[in-house]
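Student: The primary structure of each chain is shown beneath.
Number of protein chains: 2
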Amino acid sequence: MTKHKVTIMPDNIEIFVEDNTTLKDNFTEYGINFEFPCGGIGVCKRCKVNIMNDDGFEEALACQCKVKNDLIVEIPRREDKHSILASGLERDVTLDPLAKKFHMQLPYPTLKDNADDWSRLVGKNGVAPSLKVLQTLPDKLRENDFKVTVVIADNEIVSVEKGDTSHTLLGIAFDIGTTTIAGYLLNLKTGEEITQVSTLNPQIKYGADVISRINYAKTSQGLDRLHWEIINEINKLIEKAVKQAGYSSSDIYAVTIAGNTTMHHLFLKIQPKYLVSTPYVPVVTEPLVIDANEINISISSAGKIFVFPNIAGFVGGDTVAAALTAEIDKADKLTLLIDIGTNGELVLGTKEKLLSCSTAAGPAFEGVEISCGMRGATGAIDHISISNEFNYSVIGNSLPRGIAGSGIVDLVAELLKVRIINENGRILRPEEIKHPIGRKYKDRIIEVNGILSFLIEEKTASGQPIYISQKDVREVQLAKGAIAAGIEVLLKTYGAKAEDIDQVLLAGAFGNYLNEGSVCKIGLIPSVLEGKIRGIGNAAGVGAKLSLLSEKEYNRAITLSKKINYIELSAHPDFQPVFLKKINF
Amino acid sequence: MTKHKVTIMPDNIEIFVEDNTTLKDNFTEYGINFEFPCGGIGVCKRCKVNIMNDDGFEEALACQCKVKNDLIVEIPRREDKHSILASGLERDVTLDPLAKKFHMQLPYPTLKDNADDWSRLVGKNGVAPSLKVLQTLPDKLRENDFKVTVVIADNEIVSVEKGDTSHTLLGIAFDIGTTTIAGYLLNLKTGEEITQVSTLNPQIKYGADVISRINYAKTSQGLDRLHWEIINEINKLIEKAVKQAGYSSSDIYAVTIAGNTTMHHLFLKIQPKYLVSTPYVPVVTEPLVIDANEINISISSAGKIFVFPNIAGFVGGDTVAAALTAEIDKADKLTLLIDIGTNGELVLGTKEKLLSCSTAAGPAFEGVEISCGMRGATGAIDHISISNEFNYSVIGNSLPRGIAGSGIVDLVAELLKVRIINENGRILRPEEIKHPIGRKYKDRIIEVNGILSFLIEEKTASGQPIYISQKDVREVQLAKGAIAAGIEVLLKTYGAKAEDIDQVLLAGAFGNYLNEGSVCKIGLIPSVLEGKIRGIGNAAGVGAKLSLLSEKEYNRAITLSKKINYIELSAHPDFQPVFLKKINF
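Residue numbers (this note's numbering), protein chains in the order written: chain A, 95 to 679; chain B, 95 to 679.
Extracted from the complex, chain A is given alone in its bound form (with noise of 0.2 Å):
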């Protein structure tokens, strides 16, 4: 092999390159710090140098000059970075977003200079065309006097357009929970959050589940119909939140798409149906990247979709969203991550290795199949205490109309500290409660169709009473048990102990409002870690957004998803005891 000396200035640094590869690639291999605004794709222009011949300097961009032979290149002295930061989020990125827009002034062609018009865009050594792109290409040039601006996604040029638009460029992140569709509609421009929209996922009709879910996309019809129904939910979606903001559907260019892997199946219209059964794989994990028109999302017909890369078959794009908004590749101390959604996923580990599990804890945590449970909006009760007074606060400070997952496990806490509920889960009967403050609720033990239950409130909006059944206690030891058992196991194959951790990250709605004395007493997360617990929200959908305004960004998440180690749980041996032992308080 044929190397060359490149000598950099003005800082004097001799690198030994390949023949014919380019400035571009060797200045990334060696590490010398040079922008490429465009990626590299021949299209800004921006990364100029001089290139020392013979008859002093001579200009050329650094992303297609080819070395030849020796060469003395000098890079422009760095100006201080102006960087954008994007705001409104829980960290803050350098805007570098997934879609990109450049305004150009190309030269005319001429017989002394006549490329071809696309080595006029992208230079000789740029990126290789697309059809759709020459189809339209010559009469744009030339309707504009060769003023286009080129729009970048996934390293493509994916459309020219006439004239300056890089003034509008807007993109959305979703993070597609199995109850929940969240959209954060972001200006790709500023890095500002425009607008949010959320609803609920449609497929619900088929099932609260992915368990049901899956089984619905086996029958006949069954996964175009799930696959439909997310399709044209998240298109509403678009659409409201592009209205509220005055914009059109067309001006988003780029989407994320953070959601659990049956959901990831489902959006894709990949058969999820081996999910549920032994040893449950998933099709793929890999992240996909595809045409905004290959899965009928109505943005601009240039748009790109980017899909988060998966962990396993329970395990999915919306935790490594989440572990990416904590940062958990980049954690010192032992730090555990529970994102709780209608299942609960777990990170465990530090910057050197990282174990993850899923616990099929259902949705209790989010006030859901709970008797009067729901999501923590306004008129969730979110907050109780129990002492002399029986207090509790409701989201907006209105009537309730419900009770919040925090607010459950408060409750469930609370009654435990008083003996209206026993060790076995079990509500006690009026003349069982022996507690002295828990005999002063004693009245509040009530029948409800048959079921014991205790009563929070009568004076609710709906003018039903709120309460908590025996049924649902029973659903918050399964869901507790099932992510306490889970968080013991991946402790013993990580070869740690509970005091090891340094902090617990709760992802998810229910973490917004936690109490973290209720959390630990229920015995959700072991009480050595009380104090250590710290809720991050919705850990998915920042981490969506967060893609969605840096590649840099949603590269991270791609190579953290191959550095989390995935533990099957019901191919453990210790799940089963220890989730058993776990069920109770």
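Check the hints yourself; a few may be wrong.
Claimed, not checked - DSS-like, lysine-lysine: derived pairs with alpha carbons at most 30 Å apart: (1) B:K657 / A:K142; (2) B:K218 / A:K256; (3) B:K218 / A:K427; (4) A:K445 / B:K97.
Keep in mind that the hints were calculated from the coordinates and are not lab data. All values reported here derive from a predicted model rather than from experimental measurement.
Dock chain B against the given chain A, drawing on the hints supplied.
Tutor: Same frame as chain A, now just chain B:
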């Protein structure tokens, strides 16, 4: 940057490689001779090496294995490479077609080996998935006990088929000429040519030459119509070819397309109108690989179309393909390639430097736009000699139906020799003929529709006389003048003289029947080159076939296309005066 030492056994070669790069990357970079049959995308599992660790050797795939510390790698002793050479071509190539199939038995997923389906197919560092393949993958794997055939094209997995379908793998190479379309159906498993099909280009109803087609493309619906005509005709040819051979069009997975720049643009539905106004720039010269579905070519739905790169507005993919066949990129001595079709394209140079130009020669040498002209097929007069006897030969020894390009050139050369045509190209009246042999044939000087003509034969297949008219001679003069002027300007630009040329390669049907003496006599090629001229047949079609059978040849064509510099004759101050001078004989 971290570097690791990799020692390659048994040859004990030490290389120093980047952290986290694959062995494949480094083998390629360091020129280690090792085969990756599927191109290193993780499918074929044939790049097995042994990695030394503390316990001995462990098997790994070189395309998957990332180097994370110092390693000793044992590569298998090379066996004598058994490569299939494609036969029936003007030169042999090692079979490595643009579409490949690999039949494989994958291990069943288990709780211990629960990788997702895609990773099971390609490994963890394999190629990125396509949604289309994922949507049918899980069932295809499981319906056949994880025995599948993987189809690869353009370094993508384009299809996964149930069971073993590797026995059927076809491709078709097309040479799309302004006048004729030729298709060559190849068996990509054996390299064998199955059948050839050809037809007139149906666009001919919108004009015989590229200029009139382009003018039609400017009209409303014109481009759509011309595109549809070519696609429709190609689909008919495909259907005809596979039917003849007892195959189905869905057995075809790869198509190569070589055509001049106008045909290229029309095939792809790219507006060609800017080709005909200064500075004559094409929309694109880069090669394109597109899905067959994208332009409605009826082959396998997984099929890919490989479109040859262009050089300039009037030097297209057909010239690149011809130059590939001629191996002009390996020429040690000065070579002139002349591709005579409806236009005449020239390439001059050696492996060090190559120049090209295009001349609007018109189709006279193809027997088109000549009163009694025809293609070089059965019934065509291909040779004529005039001495004391008037002799001619007919292809297929039938009654003559018309006169081919080579016959026209012979006739003009002979008429010049016996002074029936003077140096200005005028056919003399019988009374003006002075040459003793010429006078013998003065009765053959006739008038056809008031135009002086020379009668060749009255006894013909149609009963109508075959003759050459004054107008035909003028066409020959314009055509040969354009090519001769092109040669002179190219030589001057190159800095060489005609006598410096080592060989002249004449591509196109015309070249098959050519009489060197006549070609030089009429001044198409300088007389000093007589004895150095060789017909190489339909070199464009052969180049399209070679590329279909060998990815290396296809990539070589791309490299070649970038190496050939283009001279715009219309902008060259010498062209017009030289052309006017060369019109005379």
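Student: Can you list which hints this structure breaks, lowest number first?
Tutor: 2
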